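Take the given structure of chain A and dock chain B to it, following the hints.
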Amino acid sequence: MSGDERWIHTPPRWSATFDPHTIAEIHRAAATGIYDIRGFGAKRKLPHFDDLLFLGASISRYPLEGYREKCVTEVMLGTRFAKKPIKLKIPITIAGMSFGSLSAQAKEALGRGASQAGTSTTTGDGGMTEEERRHSQLLVYQVLPSRYGMDPDQLRKADAIEIVVGQGAKPGGGGMLLGQKISKRVAKMRTLPQGIDQRSACRHPDWTGPDDLEIKINELREITDWEKPIYVKVGAARPYYDTALAVKSGADVVVLDGMQGGTAATQDVFIEHCGIPTLAAIRPAVQALQELDMHRKVQLIVSGGIRNGADVAKALALGADAVSIGTAALIALGDNHPRHEAEYRKLGTTAGAYDDWHEGRDPAGITTQNPKLTARLDPVAAGKRLANYLSVLTLECQTIARANGKSHVHNLEPEDLVALTVEAAAMAQVPLAGTTWIPGRGPQD
Amino acid sequence: MPQKKRSPKPASGGRNSVLDLAELSLRQINQLLHDTDAGDFLIKNPRGAHSLACGLNAPLTVTIGGHVGYYCAGMNKLATVTIDGNAGTGVAENMMSGRVHVKGDASQSAGATACGGLLIIDGNASARCGISLRGLDIVVKGSVGHMSAFMAQAGNLVVLGDAGDALGDSIYEADLFVRGTVKSLGADCVEKRMRDKHKAALAKLLKASGLAGEVDIGEFKRYGSARRLYNFHIDNLGSY
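Protein sequence lines correspond, in order, to chains A and B.
The working numbering numbers the first residue of the first sequence as 1 and each following residue consecutively.
The working numbering numbers the first residue of the second sequence as 446 and each following residue consecutively.
What the hints contain is simulated information worked out from the structure, not anything from laboratory work.
Just so it is clear, the structure is predicted and the values come from calculations on it, not from any experiment.
Just so it is clear, CB atoms sit at the ideal spot from N, CA and C, and this is done for glycine as well.
Errors might be hidden in some of the hints.
[What the hints assert, rightly or not] SDA-like mimics (lysine to any residue), calculated; alpha carbons at most 20 angstroms apart, straight line:
#1 A:K157 / B:H479
#2 A:K83 / B:A657
#3 B:K644 / B:G631
[Said to hold, decoys possible] One-sided and incomplete, this derived list gives chain B residues near chain A with beta-carbon spacing under 8 angstroms:
#4 S462
#5 H479
#6 T481
#7 G519
#8 M541
#9 S542
#10 T558
#11 I576
#12 R673
#13 Y675
#14 N676
Pulled out of the complex, with its shape left as it was, chain A reads as follows (with noise of 0.2 angstroms):
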């Protein structure tokens, strides 16, 4: 290149609106006529607990000794109406995710690893497997528009129940389940034939609206003599709304799983574009919560993006009884780990960004049904590594919870958050950090 031609040829410059990702996306929906399925749950930069920060003790606030003083994190779910409300050890639980999207190991692994950390774990569509009853000392069964596998001996069976309105990673969708993972044995489950692929309903058969959904509770309560929680899960959409209508038709606990939440297998274009992030979901169902004079009568289990302590601590502060983990805890379980990153190659992929959870190819063994690579995943070991995570946050959270003065997780409160953007002081209606500005309040509010 002549000293002349750097001034025609600038280096190339990405288009910030036509970025590669988007461009690569333009290409394949061209060649292939289809839209991107996948699983995972939003990838895209959201507000989110990063930009928020515990302020901790100082003069004005007094600390608990961070190794000496007790921190309680027990959690009650059900006191409302269930005869029998079910205690947690940890403010932390695993997410409704079915044998069919998971590995019957993969299930069996969230059981012991749940149940080693004193805490629940929840079923799927498809209804509940021997092995996941057997190695779960707390079971929360779901009850989904699909009705797959809906079995009222398995009702009775599961220690809460869990209605399924809608999911953060696709509010207003139905499940996926393609026909690669319909093995024969999840195929008779779901009363399938084998190898179709499943595109589940997005509404419930037998009511529509929230006075039905109260006269389908009491169905649920009626046929398991009132004495199960039972909880109402929604996708952060209208959290406010959707959660005083909960709270109306009679649920004991409300579950809100924000955008970042998982999913087994949905349109790329759901994940990313339908539903609002956990951050801007948490204070509206609160709010409401607290104007029917419910907040900790009634339970808010929040899902979304939950990664460490510090966004337990984050979430329960906001008012939040308790969290739910899904992916983070197929990822203790071992999934997008780099010892597979080879196989992970093959698959056009690498470890930490492997998405593909709906093909039945998962390395690990996890998100599959071929017995070649669920045999890969070992239950006991797999349990033993969620256990230590959930330890792990606890103990994080604990950790917080002791800076801030409080021996219990559930007395962290808002006025221990600052926020590090707008947005987020915003939507967690709590100041920018070094001021008292909430935006949307005025100052003296």
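Below, chain B without anything else, positioned relative to chain A:
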């Protein structure tokens, strides 16, 4: 909300009992039925109560003397439940086995997601009859509303009258037998040949419903899945 208990104990317990909803709460009656392993029961004054006789799990015989609300006999196992009146939404929803007989009309989602047993409706059934059916047999002596047998996976739906719009939309392996007219078929639902085994199955269901010899099987048409949408293919986009 929990039902207020009106009486410390049922007026009559155990076998061959009369249970009066004017005297007992819904909770008391359902609990008694759940705690009993056999017997005949007559439930008086149902007055449109929801969730009556739901979750039964024993070979009881329960007759309900009047109209019921939502989810009567929901998730029934083993029991025989007769409703001497009309039934609200979701009668016998998710039923597993046994027999439920509605002597009047049924509202929407009758037999929704049900896995086994026999549901007989003497009158008409509203929309979504047999939605997501998973093995139950339903015999409707009148007509059914729109979207009946939507996503039906297994079992049989027999309709002596007419069927509304979008019958059998996205159906899987269930069989639909309709004697009258079908306003329209849903996506991937087609008329299918009535083979001998289908005629035998239909005759058996009609007999079980007390219609042996009263209805000509030759008047029925069979509908089921074309199986074109079992696996997603872009050529079928127009079907959705």
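Now the hints, each set against the structure:
Between A:K157 and B:H479 the alpha-carbon distance is near 15 angstroms, which keeps this suggested pair within the 20 angstroms criterion. Taking the CA atoms of A:K83 and B:A657, the gap is near 48 angstroms; set against the 20 angstroms cutoff, the hint is violated. A C-alpha spacing of about 23 angstroms is found between B:K644 and B:G631, which places the hinted pair above 20 angstroms, so the restraint is violated. For B:S462, the interface hint is violated, since its Cβ never comes within 8 angstroms of a Cβ in chain A; the closest pair sits about 19 angstroms apart.
Look at B:H479: its Cβ gets to within about 6 angstroms of chain A, closer than 8 angstroms, so that hint holds up. The interface hint given for B:T481 is broken, as the beta carbon of that residue sits about 13 angstroms from the closest beta carbon of chain A, more than 8 angstroms. With a least beta-carbon distance of about 5 angstroms to chain A, the hint placing B:G519 at the interface is held under the 8 angstroms criterion. Of the supplied interface hints, the one on B:M541 holds, with its beta-carbon coming within about 6 angstroms of a beta-carbon of chain A, less than 8 angstroms.
Contact between B:S542 and chain A, as hinted, is not supported at the beta carbon level, the nearest pair being about 11 angstroms apart and thus beyond 8 angstroms. Hint on B:T558 holds. Least Cβ distance to chain A is approximately 4 angstroms, under the 8 angstroms limit. For B:I576, the interface hint holds, the least distance from its beta-carbon to any beta-carbon of chain A being 4 angstroms, beneath 8 angstroms. At its closest, the beta carbon of B:R673 sits 11 angstroms from a beta carbon of chain A; the interface hint therefore is violated under the 8 angstroms criterion.
Because the smallest distance between the Cβ of B:Y675 and any Cβ of chain A comes to about 4 angstroms, under 8 angstroms, the interface hint for this residue holds. For B:N676, the interface hint holds, the least distance from its beta-carbon to any beta-carbon of chain A being 5 angstroms, beneath 8 angstroms.
Of the numbered hints given earlier, the model fails hints 2, 3, 4, 6, 9, 12; all others are met.
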